[in-house]
Amino acid sequence: MNVDASPLTKSARYRNSADRTAVSCQLPTEGKSDNVLLARLRQGDEGAFAELVTHHHSALIRMAMGHVANREVAEEVVQETWMAVITGLDRFEGRSSLRTWIFGILIHKAKDRGVREKRHVTFSSFEGASDEVGDPSRFHQSGKWVGHWALPPQPWDDQTPEKILASQQAVNAINRAIESLPGTLKNVLILRDVEGVEAKEACEILKITETNLYVRLHRARERVRQAVEVYLAGQQPAL
Amino acid sequence: MAQEERDQVVAEITCHEVAQWASAYLEEHVGDERKRQIAVHLAMCAGCETYVKQIATVRDMIRQLSQVEDVPSNMGRLRQAFVDRLNRP
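Chains as they are written, first to last, in numbering that gives the first Met the number 0: chain V, 0 to 238; chain Z, 0 to 88.
A couple of the hints might just be wrong.
Said to hold, decoys possible - Only pairs whose alpha carbons sit at most 27 Å apart, straight line, appear in this in silico BS3-like list of lysine-lysine: (1) Z:34 to V:110; (2) V:143 to V:199; (3) V:206 to V:143; (4) V:199 to V:108; (5) V:206 to V:110; (6) Z:34 to V:199.
Derived by calculation from the structure, the hints in this document are not laboratory data.
These figures come from a predicted structure and were not determined experimentally.
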């Protein structure tokens with residue numbers, strides 16, 4: 000029998016279905032429009048500045064919260080970031096994209112603030128303990144089927160992203176899972192899955208390798224997946 | 000396919016490994032040989048097929064959730080700082 004045809008068809012189906020549901024995330028700082036936006040900003044175009052802030056503010060706050068104690072401090076860090084952007088606009092040489100530059104400033108400031116608050120100790124010990132993807136007890140630990148599912152995930156049946164997100168409880172569970180991610184995982188998830196930043200640019204912002212990026216991205220997604228799994232299990236009628 | 004042959008194909012890469020590679024696979028950041036191993040495994044293993052689908056669903060949900068735009072509470076102050084920048088000596 001042909002063992003190649005069916006799996007390739009299947010994997011293509013995943014990508015196609017993902018493409019259909021993914022929401023396009025065209026930001027004003029991407030590609031050629033970067034130069035246009037930069038020119039408008041340098042000319043003092045307030046509308047361009049407001050557009051830039053509105054597009055990135057939410058992601059910057061979430062990223063800052065991965066490094067500092069609370070929302071209030073995160074707001075301060077983001078405020079400092081925007082002030083640094085304003086004062087640095089004329090010095091920005093365009094070697095990276097405007098977005099890479101802005102997120103780079105934010106990460107530097109948020110980490111610095113986090114270190115001053117001594118939160119880095121908590122985070123590094125937390126991350127060291129979470130090298131496994133998911134719960135290792137879900138896989139056989141020995142025997143012929145070592146490394147294979149002992150407790151495979153239960154299908155989410157006809158649960159599309161839209162159906163799950165129609166529930167406020169599910170949205171809350173997902174947001175809580177994202178908020179509780181350690182900083183290094185949250186940074187990657189926000190850049191790739193929230194902001195839609197390409198892998199290469201995300202690596203440039205975070206100063207990590209692409210392999211490391213995917214390891215972190217997957218750990219972050221797995222934690223969100225677990226939160227959704229718990230939420231959906233709670234929706235099952237009792238047997 | 001005979002059960003033995005099926006077992007061999009599935010065992011080429013473990014479910015745990017497929018789970019760890021799930022995001023890199025979805026984003027096409029895996030080498031050709033690894034991609035083939037995962038694709039063949041997924042065709043045979045319902046647990047891994049479910050897992051990879053769930054990771055894709057999670058990725059798509061996070062993207063949809065992110066469409067909320069937020070404005071800083073001190074936007075007025077930032078705008079003023081932006082305007083003042085041009086008036087600096």
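Going down the list of hints, with the structure as the test:
1. Z:34 to V:110: Violated. Residue 34 of chain Z to residue 110 of chain V sits at ~36 Å, over the 27 Å cutoff.
2. V:143 to V:199: Measuring from Cα to Cα gives roughly 40 Å; hence the hint is violated.
3. V:206 to V:143: violated, 41 Å
4. V:199 to V:108: This hinted pair holds, its Cα atoms lying about 22 Å apart.
5. V:206 to V:110: At roughly 13 Å apart (the allowed maximum being 27 Å), residue 110 of chain V and residue 206 of chain V satisfy the hint.
6. Z:34 to V:199: Answer holds: residue 34 of chain Z to residue 199 of chain V is near 20 Å, not above 27 Å.
Checked against the numbered hints given earlier, the structure breaks hints 1, 2 and 3 and satisfies all the rest.
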